[in-house]
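**Student:** Residues per chain are reported as follows:
There are 2 protein chains.
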Amino acid sequence: MSEEPGNTKSERTRLRVLHAAAKAFRQNGYAASSLRDIADSADMQAGSLYYHFDSKEALAEAVMDAGVLGARHAATAEIEALGPNANPLEKIEAAFRGHLGYLLDEADFAVATLRMLHQTPDAIRLRHLRKQRAFGRFYAQLFEEARSAGLVRPEFDLSALRMLLLGALNWSPEWFHEDRLPPEELARQLSRMMQHGVMPANVATFGRRQRKERAS
Amino acid sequence: MSEEPGNTKSERTRLRVLHAAAKAFRQNGYAASSLRDIADSADMQAGSLYYHFDSKEALAEAVMDAGVLGARHAATAEIEALGPNANPLEKIEAAFRGHLGYLLDEADFAVATLRMLHQTPDAIRLRHLRKQRAFGRFYAQLFEEARSAGLVRPEFDLSALRMLLLGALNWSPEWFHEDRLPPEELARQLSRMMQHGVMPANVATFGRRQRKERAS
DNA sequence: GTCTATAGGTTGATAGAC
DNA sequence: GTCTATCAACCTATAGAC
Chain V
1 MSEEPGNTKS ERTRLRVLHA AAKAFRQNGY AASSLRDIAD SADMQAGSLY
51 YHFDSKEALA EAVMDAGVLG ARHAATAEIE ALGPNANPLE KIEAAFRGHL
101 GYLLDEADFA VATLRMLHQT PDAIRLRHLR KQRAFGRFYA QLFEEARSAG
151 LVRPEFDLSA LRMLLLGALN WSPEWFHEDR LPPEELARQL SRMMQHGVMP
201 ANVATFGRRQ RKERAS
Chain A
1 MSEEPGNTKS ERTRLRVLHA AAKAFRQNGY AASSLRDIAD SADMQAGSLY
51 YHFDSKEALA EAVMDAGVLG ARHAATAEIE ALGPNANPLE KIEAAFRGHL
101 GYLLDEADFA VATLRMLHQT PDAIRLRHLR KQRAFGRFYA QLFEEARSAG
151 LVRPEFDLSA LRMLLLGALN WSPEWFHEDR LPPEELARQL SRMMQHGVMP
201 ANVATFGRRQ RKERAS
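Residue numbers (the numbering used here), protein chains in the order written: chain V, 1 to 216; chain A, 1 to 216.
Hints are not guaranteed to be accurate.
[Claimed, not checked] Pulled a few chain A residues facing chain V out of the computed Cβ check, cut under 7 Å:
1) Ala58
2) Leu129
3) Val152
4) Met194
5) Val198
Treat the hints as calculated values from the structure; they're not laboratory data.
We put the CB at the ideal spot given by N, CA and C, even for glycine.
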């Protein structure tokens, strides 16, 4: 009750350490980031870290928790901003927008989280996978909604579709440059492609006609 | 002349080491894979590795070279199998199919390569990025071809499109399970989505009509 | 809360026998 | 070609002074 997060001095330096850790983990991964580096970047000595975190694992887990939570909040916030009348595909685009914005702006936490997925010790990795799967179910629901509304052709495997699209998002920090398309525009392009495809309407129907004729 | 690759004893054990390294790097990343582990998995002692490779870096670079080369060959092989009359979008689907097949079947090399991207020392990472960019240009050409043929609406940013789709591929090892869709079917779904989108034709045009009416 | 000092373990790499 | 033995550097984590 008496301690709001981030107000006590201890909480504030804990946050400083957390940011330093996210930055290091993002840049060098889990194993190659030494506690000395992290401590140095947070203006303290390695031993002092242990006042705030029990172990290197615990520090990594805190970073990853912040990473998934942040992505999820960013995605849901954009959906809620749409209001109650949005259709499922608009919601998916909004989720992409929020998700991508977080991934490319708050990059240290988000990217560190993705990169550490396979580098952290089993104990925390398994816990983390559970949290990540919860985020996955959130997206799964959006896609189910879209299909129930008749907005997705039945030939598509919803789960494959979802994972392919999430892959497109998750990989974006690997190539994104600020001087090209901004995150919102990227989300828009991805959503456009998902909804209507890239082909011009006349060519697309022409292509289908061709296939039918070939088949007959 | 006298030594075909893989025929001398030295070449064969070198290959055994390479596979062991790919497996370890895939599982634990670069920093967390110890030469002792790799040597153990290749049935030798850590010191003996240095007869075949100059350093841990060199071993990692050999794995990554095999990784990009393999992916590229797999992609081009599928394209050539199409014959000379294939249209650009069919070629892209073929590249996806080959690429994805390699990524999900020869997984150790391909996945190790992706995961080590940010963990290897600068010297080899920069060299590797050049090779990877060459692969990127190969895809870029395919997309340019498609647009020149009038198969891609001009509203799309070709470079963003390409990277988003490559991201969908590159992320697939994170979630792929053999007991779901096979790689070829995944490639097909991705290509379908890219070409025509997921929406049924009647709803898609209805959606566009709605937007036009709203706008007027 | 943060420091210094250090224990205890692992790592990449080398040298030299076989 | 592979082994054993070993070095120097580095790591996480702990202990105790302040």
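**Student:** The structure should be examined with respect to each hint, and the outcome stated for every one.
**Tutor:** Status of the hints after comparison with the structure:
| no. | hint | verdict |
| --- | --- | --- |
| 1 | Ala58 | 18 Å, violated |
| 2 | Leu129 | 11 Å, violated |
| 3 | Val152 | 5 Å, holds |
| 4 | Met194 | 6 Å, holds |
| 5 | Val198 | 5 Å, holds |
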